[in-house]
Amino acid sequence: MFTVIGFMLSGWVIGYLLRQHLRGISTIIMILICLLLFLLGWEVGGNHRIMSSLMSLGLEACLIATACVMGSCIFALILWKWASRFKNSQSSSHHEG
Amino acid sequence: MKGSLIIIGCFLAGILVGIHGWAGEASRISDIGFYVLCALMLMVGISMGSDPEIFKKFRHLNPRLALLPFTTIAGTLTAAALVGVLLPHRTITDTMAVGAGMGYYSLSSIFITTYKGAELGTVALISNIIRELITLLLTPILVKYFSKLAPIAAGGATTMDTTLPIITRYSGQSLVIVSLFHGFVTDFSVPFLVTFLCSI
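Line by line, the protein sequences give chains A and B.
Count the first sequence with our numbering and you get residues 1 to 97, in order.
Count the second sequence with our numbering and you get residues 1001 to 1200, in order.
Since the hints were made in silico from the structure, they are not lab data.
Given the structure is predicted, the values throughout are model-derived calculations rather than measurements.
C-beta atoms are modelled at their ideal positions from N, C-alpha and C, and glycine is treated no differently.
There's no promise every hint is true.
[As the list claims (entries may be wrong)] Think about it this way: if two alpha-carbon atoms lie no more than 25 Å apart in a straight line, the pair counts; the simulated BS3-like pairs of lysine-lysine are:
#	chain 1	residue 1	chain 2	residue 2
1	B	Lys1148	B	Lys1056
2	B	Lys1144	A	Lys81
3	A	Lys81	B	Lys1148
4	B	Lys1057	B	Lys1148
[Stated by the list, open to error] Listed below are several chain B residues computed to face chain A (Cβ distance under 10 Å; list not exhaustive):
#	residue
5	Val1036
6	Leu1040
7	Thr1071
8	Gly1084
9	Thr1114
10	Leu1138
11	Gly1156
[Stated by the list, open to error] Covered by chain A, according to a simulated footprint, are these stretches of chain B (three or more residues, beta-carbon under 8 Å):
#	segment
12	1010-1016
13	1041-1055
14	1058-1065
15	1088-1100
16	1118-1124
17	1146-1155
18	1186-1199
All chains, please: the whole structure from these sequences, using the hints.
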């Protein structure tokens, strides 16, 4: 775990120090992501157990995605109501809290 | 969108290669994958570090709305944990790790494959692609029922780039900085949360 995060943080420092001289980083990132997803696909394609349950894995994925969207939206709604209540009370009565 | 199609194309090409042989190499593939992942994280770090301009934009942020990335993370993880309780063959940390991808499907699926295997990695890939698609397709409905912040929360780590145009259109120009900040924080949280949830 710390190896990977260590790479990211040292990258941050390198990026900041060399910020004037860097070009094409996003292209390299894209190539690496494509390579990694190719490798993931390779592993999945060669694994009969995963290939035969791809449909149920997809359903599971759909369930998790829908739940996560709902959960974060409900929390966002609560934050929105709290933040706008604060704004309204501020504009209607200046001397209150 | 073009980028997403290229990425999905690479995944499908990999599946085809896997189906037509070299199946016994799975452990070596994930070894190579780990080194490429380290290279990728180095590059992600470099790209974040080389753009200090982004911090200047955050000065005009409404401090209360700056809490949004944290409510998104909390809401996502709570909901994912509930799904983990419902699915008998998955642990709570499994589904939370998938959810913690926050729509950043490329990175999260790679992490989860490295730490938990290709099966859960595939679930993470599909699940986080669906999260981005839901945001792109359902933003008008989300705004209507869950306030203007909802599409930003739904977009997770993508609200800095791929889903920003649609969010700007339906939530309004005034929330662009919130959306950028939200994307930045959740994006940054993905490697930490996913690796943490995979290691407990």
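Hint check results:
For the proposed pair B/Lys1148 and B/Lys1056, the alpha carbon gap of about 24 Å is at most 25 Å, so the pair holds. Pair hint B/Lys1144 plus A/Lys81 holds up; C-alpha atoms about 14 Å apart against a cutoff of 25 Å. Between A/Lys81 and B/Lys1148 the CA atoms are separated by roughly 11 Å; this keeps the pair inside 25 Å, and the hint holds. At roughly 20 Å between alpha-carbon atoms, B/Lys1057 and B/Lys1148 fall within 25 Å of each other, so this suggested pair holds.
For B/Val1036, the interface hint holds, the least distance from its beta-carbon to any beta-carbon of chain A being 5 Å, beneath 10 Å. The interface hint given for B/Leu1040 holds, since its Cβ lies 4 Å from the closest Cβ of chain A, which is under the 10 Å cut-off. The interface hint given for B/Thr1071 is met, as the beta carbon of that residue sits about 4 Å from the closest beta carbon of chain A, less than 10 Å. Taking 10 Å as the C-beta contact cut-off toward chain A, the hint placing B/Gly1084 at the interface holds, the least distance being around 9 Å.
The interface hint given for B/Thr1114 holds, since its Cβ lies 8 Å from the closest Cβ of chain A, which is under the 10 Å cut-off. Among the interface hints, the one on B/Leu1138 holds; its C-beta lies about 8 Å from the nearest C-beta in chain A, closer than the 10 Å criterion. Annotation: interface hint on B/Gly1156 holds; nearest CB of chain A at approximately 7 Å, less than 10 Å. Coverage of the segment 1010-1016 of chain B by chain A holds. Counting CB-CB distances below 8 Å, 7 residues qualify, and the rule asks for three or more.
Here the segment 1041-1055 of chain B counts 12 residues with a CB under 8 Å from a CB of chain A, which clears the bar of 3, and the coverage holds. Given a C-beta distance limit of less than 8 Å, the hint that chain A covers the segment 1058-1065 of chain B holds, as 3 residues qualify and 3 suffice. Residues of the segment 1088-1100 of chain B with a Cβ under 8 Å from some Cβ of chain A number 4, which satisfies the need for three, so the listed coverage holds. A count of 6 residues in the segment 1118-1124 of chain B with a Cβ less than 8 Å from any Cβ of chain A is obtained; the coverage claim is therefore met, three being the minimum.
Counting residues of the segment 1146-1155 of chain B whose beta carbon lies closer than 8 Å to any beta carbon of chain A gives 8, which meets the minimum of three for the stated coverage. Here the segment 1186-1199 of chain B counts 6 residues with a CB under 8 Å from a CB of chain A, which clears the bar of 3, and the coverage holds.
When the structure is compared with the earlier hints, no violation turns up for any of them.
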